[in-house]
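Visitor: Spelled out from the first residue to the last, the chains are:
2 protein chains.
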Amino acid sequence: MTDTLARPRARSGGRSARRTLRTTRDFTMLPGLTRAIPLCEVMDGAQVEKIDAASMDILENVGVVFRDPIALEDWKQAGAKVEGERVYLDRGLVRDLIATIPSDFTYSARNPAKNVRLGGPHSIFVPMTGAPFLRDLDDVRRNPTLDDLAMFHKLAHMMPALHSSAHHIVEPYDHPISQRHLRITYSSMKHSDKTFMAMTTSPKNAEDVMAMCAILFGEDFMEQNPVTTGNCNGNSPLVWDETMLGAMRALCKRNQPVLCSPFVLGGANTPASVPASVAQLNAEALSALAYTQVIRRGCPAIYGHYLSTVSMKSGAPMAGTPEISLMNFMIGQMARHYGVPWRTSNTLGGAKTFDAQAGYESATTLSAVLHAGANYIWHSAGWNEAGMHCSVAKFVVDAEQCAMGHRMAQGPQWGDFDQALSAVPDVGPGGHYLGHPHTQDNFQTAFFMPELFDNNSIEQWVAEGSKEITQRALEHARKLLSEYQEPKLDVAKDEELRDFIARREREIPAADELNQDY
Amino acid sequence: MTDTLARPRARSGGRSARRTLRTTRDFTMLPGLTRAIPLCEVMDGAQVEKIDAASMDILENVGVVFRDPIALEDWKQAGAKVEGERVYLDRGLVRDLIATIPSDFTYSARNPAKNVRLGGPHSIFVPMTGAPFLRDLDDVRRNPTLDDLAMFHKLAHMMPALHSSAHHIVEPYDHPISQRHLRITYSSMKHSDKTFMAMTTSPKNAEDVMAMCAILFGEDFMEQNPVTTGNCNGNSPLVWDETMLGAMRALCKRNQPVLCSPFVLGGANTPASVPASVAQLNAEALSALAYTQVIRRGCPAIYGHYLSTVSMKSGAPMAGTPEISLMNFMIGQMARHYGVPWRTSNTLGGAKTFDAQAGYESATTLSAVLHAGANYIWHSAGWNEAGMHCSVAKFVVDAEQCAMGHRMAQGPQWGDFDQALSAVPDVGPGGHYLGHPHTQDNFQTAFFMPELFDNNSIEQWVAEGSKEITQRALEHARKLLSEYQEPKLDVAKDEELRDFIARREREIPAADELNQDY
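Heads up: the protein sequence lines correspond to chains G and U, in order.
Letter 82 of the first sequence, counting from 1, is numbered 82 in this note's numbering, and no numbers are missing.
Letter 166 of the second sequence, counting from 1, is numbered 166 in this note's numbering, and no numbers are missing.
So that you can see chain G by itself, here it is in the shape it has in the complex:
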């Protein structure tokens, strides 16, 4: 079938036009996604209320542990009942606090053309972070370096559907852990002019990142505009620790948004039930969202989660399972119920290599989070082996998949409907459209043509070396990197950033422990 299909009959000049199509590549960032397809809402209003009531009951009667003296004192001041480390949150207090979280906001990049909006129908794709290993340009699994991190920041800069360079996409092992946040942040800022993420590996590290942001954007600008985002994981069930809460304060007091992310391994640290897991996760997210408003009223904040279900055969987290999709649909409904932008995780793979398992897992989750209406679509490129490695091959393929998801989620385009329709009588029964002027004018935009999928006949595929997608993607990544152009930092700011890093590296002892966030 494939190989008998007629090749397009082009008008004169068609061949060179096609060659141009093949050889020039557009690195322009896609605008933030504005979703136009309907939401997949699996709960009716009564079920949303049921989850809300269950979560509020948990907050009032079971309580949440804040392992952090400052947070406990803050909560007392805010009027919560505090017993030891456990904070009991009245639903009235929670509702009052979360009411001041903005329902959407603009996330500013150093290049204002790459600012993106978050909340409501507005979404962004952010690459994965936190991998202790990479699969490199030769598909070798090893510990990453700062150069590897720079490579991923460059790729993130060049892939149109990625709206951020994130932060420690991979963990650079060639620099002391205690100073790493400085180099990671500098790499994010330097190699891309898109938005980036803030390290939250400790309160002090987060303070350093805030200082660097102040150099890049100015303190006054930051007071009014989110310029970075930080992730704070909960220890589900129902615990927030000092590291995360301290980092949260560093960001919130400067008006920078935090992803309040319960860390759910469904069945292990939540009940073995989808709705009950969501009820617990929702209580956890609400407790942190409320705390952001204790720190600073009106500060933007993001309803977060990391979400997997656990294999009861091995105890390992799974990706791409039906319950993860369902929980995403439900969490989206809850976040919208509270009017807060929400974060999800995207193309997670549990496969050890970039095999078909990784493809199924990733695409299933990408579809689900788009139908769920997630706003901050994190871990959108590279994640495999349950986050243990970032794969270069998967990174570029995932990013192209996000571009395809971006197209899908905008719904059908009706602009040229009448004109396109007029081709039908022109062509008539039994004809073909390849030479029709409307086709010639519109084929590049009408149907997405993935670069990394091979759709040739097997004969042509064999003639080109029988390359599976991993090999094609790695060649593609090398080609992209050879075309990379650095979006130069302002010279004075660059110098100030380097001076800051040099000073802090003199001040911070080169400790050696490893710290990660997801």
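Just so you know, these hints were derived from the structure itself, not from any lab.
Warning: the hint list may mix true and false statements.
No copy labels: a pair is met if it fits in one copy or bridges any two.
Stated by the list, open to error - The calculated DSS-like cross-link candidates involving lysine-lysine, where the alpha carbons are at most 27 Å apart (straight line), are:
{"hint": "1", "residue 1": "Lys467", "residue 2": "Lys493"}
{"hint": "2", "residue 1": "Lys313", "residue 2": "Lys467"}
{"hint": "3", "residue 1": "Lys204", "residue 2": "Lys253"}
Take the given structure of chain G and dock chain U to it, following the hints.
Guide: Just chain U now, kept in the frame of chain G:
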């Protein structure tokens, strides 16, 4: 992360319970899917009307070619304007005719426990058919035999989410083409007691299949009950040929449903526009659906399509693209607008091997067709290389993915919500749920555990031989086949079927051409 996660602490007996979980496998067919998640409807009412009006304009003003004297005569009798081979269908006539197509029906299997319902929220998964090659149990690509076909029918019988053994999953090259339909049909009937499909490769072949169905089910039963389905492809744009129309008549006059399937290569045989492609496809489907009712009023019929978009770089059909998803959403809306069950294609892959490309393509389409609310979800297992081969490895993985989609599309389960929620205060902040009685009682049903995804740590994966999914799936397929138990045909019917085949093989010359449908 993976490898530091605590393994489930089981109650006494937990280990042997887990071993049981691993070693006993349930081959019971899942019930037909009854969708409980909301539909993804990307058109508003006015846009549905716009497509409908555009399609009706095409039918009235451009017309449809029926390359078949009997059909042309039938249309004249029915009151259509016929000029040469072109039939102009008035919208009133079309609406009147399609009004008698049942909106849902029961599709009967020889084992009544495996009857399935089609239409409205009721859907079934049917494996791929028509592959001229297979990738076999050693992943070798070669021409298939009747034994290979039997193997796929056995696998279809054993995979719980597949509701049909289809027909020529692969094309058995070791038997003369002119007699092949007899052996294919017998293989479908013999190796599985699920529903199966009717060969429509010629009107006479379809008549033979009807005769075999009459032996298996009885003519009277068939008069009242659909016992098979036949696919009839259109030659888009706007042509139906004699082979397909004759086969259609063979089925319809016996009250058996036909899939009326325009064969769309978006951009090549439709305009380069998603809505205009749907308008043309809709006109084509309506013309055939209307003709089924000319043949026999009230006969069940299915709104069909084969759908890909075409790469303007190579002319090849693509799979898993955003526009295929969007067209599925729209076609679903049109079929529901007319109150007719509809067919789609599911896990199509264009990859040459079972690599990550195949995974992305397949999972993207599976998600889309579930959100689109498709009823007859064809090509749900095995399809790769744009249908040129059926892969054993992909067959079993796709079938498991369908089971996962089946679970997802049923939405969250609330039955044990209160009980599950009561585990939250039991466990409390910082605890874990693995030993909780609710978890122990529910973990097997709460979260889907795919057998063919590996979620172990890399160390364990390496210790087990570093097997990618293709190898694991092939081992799984071998194991399944070793456990196959034939659902025996009634001895008298079996004898009658064999006698019929023997007689027909004496009557039919052993011709040699190749004929396929998709």
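Visitor: Each hint: holds or not?
Guide: We went through each hint and held it up to the structure:
When the C-alpha separation of Lys467 and Lys493 is checked against a cutoff of 27 Å, the pair qualifies neither within a copy, at 45 Å, nor between copies, at 50 Å. For the identical chains of this complex, Lys313 and Lys467 are inter-copy neighbours only, at 18 Å across copies versus 35 Å inside a copy, given an alpha-carbon limit of 27 Å. Taking identical chains as interchangeable, the C-alpha atoms of Lys204 and Lys253 lie at most 27 Å apart only when both belong to the same chain, with a minimum of 14 Å there against 79 Å between chains.
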